[in-house]
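Construct the complete structure from the given sequences, taking the supplied hints into account.
There are 4 protein chains.
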Amino acid sequence: MTALVPVMTVGELSDFFVQAFPVGDHDRLGRIDSIEPGFVRLALEPDSSNLRPGGIVSGPTQMGLVDRAAYAVILAHIGPVAMAVTSNLNMSFLRAVKQQTVWCDAVLLKLGKRLATVDCRLWQDDPANVVGQAVVTYAIPG
Amino acid sequence: MTALVPVMTVGELSDFFVQAFPVGDHDRLGRIDSIEPGFVRLALEPDSSNLRPGGIVSGPTQMGLVDRAAYAVILAHIGPVAMAVTSNLNMSFLRAVKQQTVWCDAVLLKLGKRLATVDCRLWQDDPANVVGQAVVTYAIPG
Amino acid sequence: MTALVPVMTVGELSDFFVQAFPVGDHDRLGRIDSIEPGFVRLALEPDSSNLRPGGIVSGPTQMGLVDRAAYAVILAHIGPVAMAVTSNLNMSFLRAVKQQTVWCDAVLLKLGKRLATVDCRLWQDDPANVVGQAVVTYAIPG
Amino acid sequence: MTALVPVMTVGELSDFFVQAFPVGDHDRLGRIDSIEPGFVRLALEPDSSNLRPGGIVSGPTQMGLVDRAAYAVILAHIGPVAMAVTSNLNMSFLRAVKQQTVWCDAVLLKLGKRLATVDCRLWQDDPANVVGQAVVTYAIPG
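The listed protein sequences derive, respectively, from chains A, B, C and D.
Everything in the first sequence is counted per this note's numbering, starting at -12 for the first residue and increasing by one.
Everything in the second sequence is counted per this note's numbering, starting at -12 for the first residue and increasing by one.
Everything in the third sequence is counted per this note's numbering, starting at -12 for the first residue and increasing by one.
Everything in the fourth sequence is counted per this note's numbering, starting at -12 for the first residue and increasing by one.
Treat the hints with care, since some could be wrong.
In this list, chains with the same sequence are indistinguishable; a pair is considered to hold if it fits within one copy or across any two.
Unchecked claim - List time: in silico EDC-like cross-link candidates among lysine to aspartate or glutamate, alpha-carbon distance up to 20 angstroms: (1) K85 <-> D112; (2) K97 <-> D113; (3) K97 <-> D112; (4) K85 <-> D14; (5) K85 <-> D113; (6) K97 <-> E23; (7) K85 <-> D34; (8) K85 <-> E32.
Just so you know, the hints here were simulated from the structure itself, not pulled from any lab data.
Okay, structure coming up:
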């Protein structure tokens, strides 16, 4: 397997998201926290609009975060190709997500020429206690 | 297979969503359009906050709609059990979703005592031209 | 959406499978029953090697059938391209599958140039009583 | 998160599989290699009946292995409950699987009272070069 090398910094990637998605508070959608080879970590600060009955963070909020994290780890390694599109997303909701910082660790399982597949893990207090897991496939324009 | 019989009307289900999710414009999240045995149809009117680069409706918007539609078709048949929670959601993004009405047809594949599984289809101009498909599993509190 | 037109007959497709997969009893793997535009139906006759504890048809047998059915409906519409490969398969196991004929209905949700997505439904006594459902994505060689 | 403690040895788990699945060569289906807290590793030796066109290990063989590995890691931690059944399996096929030993590492993401969710990774030469990934959910009888 070819070694994965990031080509964007946290600042460059954050700026790209602000320009590509002009609407929205990016702390509420997921801030880029760190980039490493094959890896990006995001942090989301949920507010009341992210909650569902029971006061827990909603499924759509979680899915928005993993979709964004998958996009981020791909762009971090291929550069700002805005037109990469999600092809498939499979999410398992494992534990209630509390209204506090939600971390999302995205790892590239494969970065192919046409498809990229990313594993995403959500956690709060302890990275070993995964509250949600997703596999996201993006199609990369030819 | 036992016949499925709805126990809530469109009005009752719509009221439940407004009370359970006090934040948000419900036309933008997905309005309940019709209920039939084993079936619920929703309609979503996307605004600019639902778009992604390219001017198409974002993945998280689509996933929020199918999650809501799956929840709706389950509640329509078991009554307003707010604490049913999504266990798994798998979504295939098939075609670009334009900024016009997005219809979502949710069909109960199985309504068990502990798990319910729902097939969701998104379409715009023609129900036969599916733009997105999802299978959603909810856990029903015992 | 462009109309889908099959380009292979049941006999041609059956012969292709026998040649491409020289090992195995094809009635036990899934016989091609019928082909229609955008649609292929298979039939599998489970034997004792397909069973799991409880005397029900095993998950791997069901997944083998849906993978084969998805491959069949794609090839029926693009011709015998042996090197199409499964990219993703998501299966929901809904009800116990008895040791009698298992039917699998495969419907093309999208036949793109690079990816094809297929919905598969397993049933036994009644097509409306789905015992398993899968969505299968194949990558089509360029 | 409660610490996970295995309650079966490699020998006990291997014996259970032989008794529960009387048909089949268990080296070809996946031998139990090791058990650790929250973890089981299997090894499969593919023969010609496991191949598909191109001489690579077939999708159904891979899915059978991950389903077995998920079952194994659950039973290793709750004891030999034969009637646990697969509820959902989502598999991403990432790279061609060669006709040599296929390793499968199964990790418990969550072991609940009613549902268990397992992450499975297939690899051959290098654990870091994942050739297939799956998430498997089992329903545990009450």
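Hint-by-hint comparison with the structure:
no.: 1; hint: K85 <-> D112; in the structure: within (10 angstroms within a copy, 39 angstroms between copies)
no.: 2; hint: K97 <-> D113; in the structure: between (26 angstroms within a copy, 14 angstroms between copies)
no.: 3; hint: K97 <-> D112; in the structure: between (28 angstroms within a copy, 16 angstroms between copies)
no.: 4; hint: K85 <-> D14; in the structure: within (16 angstroms within a copy, 27 angstroms between copies)
no.: 5; hint: K85 <-> D113; in the structure: within (13 angstroms within a copy, 37 angstroms between copies)
no.: 6; hint: K97 <-> E23; in the structure: within (15 angstroms within a copy, 27 angstroms between copies)
no.: 7; hint: K85 <-> D34; in the structure: within (11 angstroms within a copy, 29 angstroms between copies)
no.: 8; hint: K85 <-> E32; in the structure: within (10 angstroms within a copy, 30 angstroms between copies)
In summary, the structure agrees with every hint in the numbered list given earlier.
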